[in-house]
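Asks: With the hints as extra help, turn the sequences into a complete structure.
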Amino acid sequence: MSSVAQKKGFGSWLWDWLTTVDHKKIGILYLLGGGFFFVLGGIEAMIIRIQLAVPNSDLISAGLFNQIITMHGTTMIFLAAMPILFGFMNAIMPLQIGARDVAFPFLNSLGLWMFIFGGLFLNISWFMGQAPDAGWTSYASLAITSEGHGVDFYAIGLQIAGGGSLIAGINFLVTIINMRAPGMTYMRMPLFTWTTFIASAMILFAFPPLTIGLFFLTFDRMFGANFFDHAMGGNTIIWEHIFWIFGHPEVYILILPAFGIFSEIFSIFSRKRLFGYTSMVFATVLIGFLGFMVWAHHMFTVGLGPTANAIFAVATMAIAVPTGVKIFNWLLTMWGGSIKVTTPMLYAIGFIPSFVMGGVTGVMQGAAPLDYQLHDTYFIVAHFHYVIVGGTVLGILAATHLYWPKMFGTMLNETLGKVTFWFFFIGFHMTFLIQHWLGFWGMPRRVFTYMDGQGWNSANLISSVGAVFMAIGVIVLLYNIIMTSVKNVPVANDPWGDGRTLEWAIQSPPLYYNFTQTPLVRGLDSVWIEKQEGNESGITPAVPVQDIHMPHGSIIPIFMTLGMFIAGFGAMFREETSWGLPLLVFGLAWTFVCMAIRSLKDDLGYYVPKEEILEDMKRERGRK
Amino acid sequence: MMKGLKKWRLFSLLAALTVFLSGCGQEELSTLLPAGQVAKDQFNLLLLSSGIMLFVILVVVIIYVVALVRFRRSKLGEDHIPEQVEGSSTLELVWTVIPILLVLLLAVPTVYYTYKLGDVTAMGAVDDEGNAENLVVDVTAHLYWWEFEYPELGIVTSQELVVPMDEKVYFNLIASDVKHSFWVPAVGGKLDNNVENVNKFYLVFEEDSSKLKEGVYFGKCAELCGPSHALMDFKVKTMPRAEFDEWVVAMQSTKKDKDDAGDTAAASEGEQLFADSCISCHAVTADVKSPYPNLTTFGDRNRVAGFMDHTEEALKEWMKNPQKQKPGNEMPAFDHLSEAELDAIAGYLMGLTVEK
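Going down the list, the sequences are from chains A and L. 518 is the number that this note's numbering gives to position 518 of the first sequence; each next residue is one higher, with no gaps. 302 is the number that this note's numbering gives to position 302 of the second sequence; each next residue is one higher, with no gaps.
Derived from the structure by calculation, the hints contain no laboratory data. One thing to keep in mind: the hints can contain errors.
[Stated by the list, open to error] Example chain A residues on the side facing chain L (calculated, C-beta under 10 Å, incomplete):
1) 49
2) 440
3) 454
4) 487
Idealized CB from N, CA, C, for every residue including glycine.
Replies: As structure tokens, this is what we get:
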């Protein structure tokens, strides 16, 4: 590693990032990739709102509009929200449990590059003028008949990116189970680690159905199968079941890590232990479990019959109970605390009313007969934006401010952070609150325009103006990030002053091997405990200073993914071109060769010598 | 601080009131102005669930505001270390049990209404003479248009559903190409038109649509079905049973009337052109299920192609370039016809009526 640090050229810098297996760098890459797609999805959202600002708008065509809504949803869920959360999980979770890296650093890198190449694959469709246009749910009858290669891009792009998510989920699971520091029992794990754990377990069970569904879709569209062609004995409703058996857990995969982030924030900035930690953990587990039991509430109008609808309605409402427990625990964490309204705390404070709104409208839609009215209207658009933006995105923005110093060693500007919050928060409510009423007033979702004279004009205009505010907020955030990076003022281990968990007891950014000595954990919020007992370092080492075993970087993950990327194009053009099939075979062979190289080549890693660690410790003491 | 808070409260109260007063939407298509038993049941459920949920929001907001005001570090001092409370079993029990009760309160009517609205057992019922007791309408959704067939009555129409008031009307829903969803917001929730199976449900129409501004309720396709999903509207006319029976008789006699007319008078130019260019796709008598919209009642309709103004100009625009108006629909352009020929066809179609 020290040899890498000596080479200063751009080439070696780039090589270092492309081959890295360091969880902190991979976290940053996830953040960069996810951030890029978040902006892209945001631009798509702005086009949608501009188109719908006035009735009878012909700014963009009907077909293009469907492509934009499809890509907006797909991008935001798969390429923005999940990767950004993976970024924080990667960067922070191993630090929280006192580990040196994740369990499978190589797989971590593979998952990252699969996400990036899958995302690129999906978006290359724009340059071919054939983006997916069957909605992010790609319901089978429409997806099967959709012309051009749009839905092919969806099926293969998501297959690659989804494989990356599954790999990441398994990796986090194994990491949390096996790599906790001595004394870090399950019931001493920070809440963000817990929610990462549960979200990863959900990924493990939720993504295989998606994989299968996407393979069915791929075979139907590109290889002449008939899984979803009812004229040939297939069934389109099967797709809906498969998709939502994945899709409903997916929304909890998105929200649980945000819950974890907010739990950390409430605790840190109220300077108080999380209220009802045990019930928080069990509520998380219960939400994760129930999340698999309610998928058919997306299908109340499909005609499953009253018995199925009634069962899924009641199961859906049941989720409100553990979620409510969480809300009250957060409130009681603030109660009696010492609240400091920093930017992350501001997001957390904004999160509570926003998410409660999204939660209660979720229960309303759980009431099946009422859902017959609300389903596929702007009410549901409002509802899921309230939970995903009001929950996940606020969580992501909060975590960006909270963990920026830990990840990059410098603080985002607090004033600009608050400016971002207010623009984003006000814009968010302005955009989506009124959409509940648009739904009540009969406006279906996914419409590229609407006729005048239905009473929807002013509400749509308000909504579009709100979207502008959100965009301004994001632009201010980008400006903040650039200015902060340019100034690059270094910060201490615990820049917020009230850090409670292990990540706040080490350098910002941490050394590449994280902990000079593996810490001993003596309770929940171990750093807080140590500091209260007068141990200013916040850490009691569990072992003496000794050599540390570390993995080597590898370029193989990129090449392995490149093979899948190439094979995807081969599959897509197999029928219409002569080079399609050879390309498919070549791409798959390429991937298998990469796998073989990885399997056959021994790479036992290397040791960081004790002397280097002692040197680092001396420098750290000198800094203080 | 408190003064600012009061102002904020007043402002938010006003904002909330404006939103509530601004509205219930338009009678033709608002779920908040229910015009039938099904929509009323659903509206009741909306009121109940909103009530429960507003209560929850209120409780959360009160604790939240008090906590935020009372426990600020700026008040308590930088060095204040709060007591590290682990939790409280009593409190946690309270906020587990109360939500369970609230959920039960909502779950019971939910289950009741789910079964009530899903009950189609009376659909095939017949009286002593073997006549169907209830009106059944088969709704077939096509790429961007709706077909309504009354199997017992032997009539077919499209784009405008005509139904009697104050009785259960049963529907068989299916799609002919891709999935659609049948929705009349003011009268009741939606149900999907799947491609592989028939879905059944009922609606009750309790208000006379002639009292509405445009004389019709608005119907929508609620499932993304392609580029022109947004334009896949239909209209619903409701009328007292006696009036409906008259309409049925008029519809049933369209074939006989046409045959008679064919014997006695020479066809108009428009009719002749229609017969040359259009009849292979569009029937003009109510007994035929043509491959594309049946135009028997075209003159009675409220819109051209479901969403354009009901004028001859709009109709001509439509015929000249249907793809421009409704992308992805299956009608070819008739731009090879002269302006005079289009005028003649438009005039003929506007004259097709059973109500006037």
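Asks: Now tell me, hint by hint, if it's right for this structure.
Replies: Hints, one by one, checked against the model:
no. : hint : result
1   : 49   : violated, 15 Å
2   : 440  : holds, 5 Å
3   : 454  : holds, 6 Å
4   : 487  : violated, 26 Å
Hint compliance for this structure: hints 1 and 4 are not met, and every other hint is.
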